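Protein chains: 4
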Amino acid sequence: MPQITAQTSGVFAIAPTPFLPDGRLDLASLDRLVDFYEDVQVDGLTLLGQLGEAPKLTHQESVEVVAAVLRRTSLPVVVGVSAPGFGTMQVLTDEVMALGAAGVMVAPPTSLRTDDQIVGYYTTVGTRLGADVPIVVQDYPLTFSVVMTPGVIGRIATEVPSVVMLKHEDWPGLEKISALRASEAAGTTRRLSVLCGNGGTFLDFEMSRGADGAMTGYCFPELLVDVVRLSAAGATDQAHDLFDAHLPLIRYEQQPGTGLAVRKHVLTRRGLLAHDTQRAPGRSLTAREVTEVDYLLARLARRDPRAKVD
Amino acid sequence: MPQITAQTSGVFAIAPTPFLPDGRLDLASLDRLVDFYEDVQVDGLTLLGQLGEAPKLTHQESVEVVAAVLRRTSLPVVVGVSAPGFGTMQVLTDEVMALGAAGVMVAPPTSLRTDDQIVGYYTTVGTRLGADVPIVVQDYPLTFSVVMTPGVIGRIATEVPSVVMLKHEDWPGLEKISALRASEAAGTTRRLSVLCGNGGTFLDFEMSRGADGAMTGYCFPELLVDVVRLSAAGATDQAHDLFDAHLPLIRYEQQPGTGLAVRKHVLTRRGLLAHDTQRAPGRSLTAREVTEVDYLLARLARRDPRAKVD
Amino acid sequence: MPQITAQTSGVFAIAPTPFLPDGRLDLASLDRLVDFYEDVQVDGLTLLGQLGEAPKLTHQESVEVVAAVLRRTSLPVVVGVSAPGFGTMQVLTDEVMALGAAGVMVAPPTSLRTDDQIVGYYTTVGTRLGADVPIVVQDYPLTFSVVMTPGVIGRIATEVPSVVMLKHEDWPGLEKISALRASEAAGTTRRLSVLCGNGGTFLDFEMSRGADGAMTGYCFPELLVDVVRLSAAGATDQAHDLFDAHLPLIRYEQQPGTGLAVRKHVLTRRGLLAHDTQRAPGRSLTAREVTEVDYLLARLARRDPRAKVD
Amino acid sequence: MPQITAQTSGVFAIAPTPFLPDGRLDLASLDRLVDFYEDVQVDGLTLLGQLGEAPKLTHQESVEVVAAVLRRTSLPVVVGVSAPGFGTMQVLTDEVMALGAAGVMVAPPTSLRTDDQIVGYYTTVGTRLGADVPIVVQDYPLTFSVVMTPGVIGRIATEVPSVVMLKHEDWPGLEKISALRASEAAGTTRRLSVLCGNGGTFLDFEMSRGADGAMTGYCFPELLVDVVRLSAAGATDQAHDLFDAHLPLIRYEQQPGTGLAVRKHVLTRRGLLAHDTQRAPGRSLTAREVTEVDYLLARLARRDPRAKVD
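For the protein sequence lines, the chains are E, Z, X and F, in the order given.
Mind the numbering: the first sequence is residues 1 to 310 in the working numbering, read in order.
Mind the numbering: the second sequence is residues 1 to 310 in the working numbering, read in order.
Mind the numbering: the third sequence is residues 1 to 310 in the working numbering, read in order.
Mind the numbering: the fourth sequence is residues 1 to 310 in the working numbering, read in order.
Only chain E is shown next, with the shape it has when bound in the complex (with noise of 0.2 Å):
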């Protein structure tokens, strides 16, 4: 089975995890979700990522889940595997990699605040993982309050052999990825691959800094991958064009804590879930959201017309 490396590029989707009304997996709907994901021609996908709702999910689910997508798709996949402690990190990792998946992403834990705390406990994820499980490095400060510097993510690369990208959403962030970029051309940092996520909220310019793509979870995945051809390919203002005619939805994605709810609920007015359901705490749009996420959906479609929703 494929592997990210450290060149690896493109767009890597957050899947969603499908739920029933009644809360049990919707493996179905998860089905048509990757065969979408193929069709719109992303690279690679990452599965039990935080807007996977991975924590909601028993072990069992958990495996269940990926092993349903491996068996759907020759795509690349990543799995979240943080968790509170290494054991159950190193049994879910186990378990997913045998299974197929190209590699895993964690998450530092919240109780994380100095240069060396951080290091340190990438060093011993490698560690207890093995040497032959590639890793992401999640830097989300928003969501997990741990700041990594690139000098601290230069260090990781230096000392986790094993780590090989950077789930990079740091915000702001565009200066990080020059950094970074600026160190590995020194030669001071072993290079990584670095794939974007926030929702995609600052892609357009992403790209040009350096990253080598994305891997978040919008709802509409397309629009990720023109945007990373489209400025691979030196097109700049035709990226910017079709990213301009998102940003309102990507924004209106990118609420903390409601963005999973805009998001299936856009999968589910594409027919790509059967349900929005979110497992507890998490809630539906309410109808006022929904009026608002039909109207920006509207005036997307008049701007993007492959982004219209019937």
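It is worth saying that the hints were derived from the structure and are not from the lab.
Treat the numbers as computed from the prediction; the structure is a model and nothing was measured.
Take these hints with a grain of salt, some might be off.
Which copy is meant is left open, so a pair is good if it fits within one copy or across any two.
[Claimed, not checked] List time: in silico DMTMM-like cross-link candidates among lysine to aspartate or glutamate, alpha-carbon distance up to 25 Å:
(1) Lys308 / Glu222
(2) Lys308 / Asp244
(3) Lys308 / Asp35
The hints should help you fit chains Z, X and F onto chain E, whose structure is shown.
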């Protein structure tokens, strides 16, 4: 002098504090800014907020800035008086109210956690500042880590009669506006003026949710004025069209820690500030950021010709 | 099997989880510990708390520890089931209750801020775990950053009938116990059993404030048992004399992050644990710390001869 | 006037700020306190710390307190000058240094996270205050949420020559003192004076770890003086005996938020303060707390007859 009330509406522009390259106050630029705000027909000004670099001024400088603005304009002026202790807050409040300020804005200390602590804090503020000083409560959890539910805001409104306005910048915040307005309609909560911040990022929908306007410092206050007036006039599509044209720049300006540099850069490009200087620990834009902002300005000018910057 | 109720009182010893030097569970030491706790006449046990290194165990190991203890003793056993999601919490709860646990303990997620969020969380916990599972609310702001007022605890008691006990370890916490008991006396709040943690640091006064006992893991549980019984019997001076003799060690053991190493060291010195091993990221005492603890043990033995360690 | 240096040792008593019942400064009590501190032979004083209620004073009052103390004593006096901005910090520093202060103490803003941010902050402080103002770095993570590793403290020592002292109150902190001293011995870190805070809770062992003394406000500074001198003289057992007698009260006084009320109560009982008044949001002890403190005082007087309070 005019004071703010629970019926105040429109746009209160948050003015940055202009500095000379050596860090001294630049009162000439401040005069120019004030004239500009009058020209674009904002409804009021806010001084010494977070993005007015208030904590970087000495007490004497703070008073000097307020006095200079109040000499120049008859617009209502709200002054940020947040301080680690009530003594300092009271001294500054007394001075600026004597100079003719329209009210004061108070942010919650980051140590507050429980509902009772928050209500208790504003109760003490109200008592200390006196019944005749109109107070704006700043609700900005992203920066202050203090989360106020609609119920807590309602309790503050009940227990502190001098609180007349909410500077709303929770994120997400749309449902909160609806909840507050519903509670007012039900007679549970006393009406407060609700002016929205967050750099204007959600102003398009905040107006239809029931906000009375905006209090923020986006570098094109004309846009805020237009969106508020178009929304109030029911010209929703037009308001969104204009808003969407500005959103790529609004989004770029709303980066924590970087946003003020963007704002000062654009205001300098617009000939309003003589310099984009910030006091430490602020910084100017990097060359790369300047390129990006200028690119956004050029794109903006094509969609909103009035936003052309020479 | 006995279950905890709102009338439960006495000492629930928090058992550390014993490991072999290679990190595997040491069930022989666990048996020895359980026998020891019975010998010193504690009233119950608590497993898989923070200081039981719960997050470091896999699900299977967690169940194994609980099963081993329940095979060995007929004391009531409370099990920590805190988890990032309700699914995992429910699976563990169902298993340990089926094995005969007396109740479960749930800590609040560190993301909770407002009163409503806290009450809402425990309401969901109560609904998910089912009406017949007695719940202990863990009130430990120093570790979890969640502050519960007496009013919030009262609301939880009202809205979640299966909550029967408060593990009280707010700091400071004496006035909180008084406030809770006063609220119960006034009929405002349903009675909860209040067992105190914090390593016992304030147990001398907590008892006279109205606590029902202790739930903590101090390395001399005999002291906890004595202080609780002497206090209950009105022998206040005697309780304080004994407590004061232990306070230098209690204080030393109550150092965040270091305390468990002290505790495991002393329990090893006492012949109860075969090893003082912690799983990563825990550590053993440094040589210097060993010297200090041994010095404290020697001094303690002179003041409380029963606390002599060979 | 004497200034603090990297060789300063002994006890710097943190003086509370005395208030009259109506909240005005009580300078008569302040004089009495200063005389008392001289009588018990402390080596210096610290004014306007957290427990000096510094944030509750206006600038003018702050200067008034410092001036009054410096008129009364020739002891070296450290002044807390922490402020949200450098402007205010600098104005206060200039004034108190001109009055004859021995140095200033600066706490880190709670927003600092990374190693570089912390070092950068103190570098700016050093530059702004000027090379001739001796600086004390306050390392108090429990209150400020800023975690400084020994390495970071070493970097500050290297990059900011005017930093001469560490107010050490990390918790746990014993290993940190050893690490700092080892780093100094190895020539990696420039020597700093290390005076310990935390109300004295670990002073017994801090001295043998290499601390130079204490900087804290325990209500019996005589005890701090004795423990420091006995420890320095190698009379370890005697130091511990005395310390242990006070520990029940030290522990009670070290309750966050409540501790200052205890301290002011005891200093009032001792005839040094005329009133135990705190400014809002402080509070006096409840009747129940008074009973508990008086009980502890009575017990203490039996173990340390010099600590008798009439």
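Results for each hint:
1. Within a single copy, Lys308 and Glu222 get their C-alpha atoms as close as 12 Å, which meets the 25 Å cut-off; across copies the closest is 32 Å, which misses it.
2. Taking the closest pair of Cα atoms, Lys308 and Asp244 come within 25 Å of each other both inside a single copy (16 Å) and across two copies (18 Å).
3. For a Cα distance limit of 25 Å, the shortest separation of Lys308 from Asp35 inside one copy, 19 Å, qualifies, whereas the shortest one across copies, 45 Å, does not.
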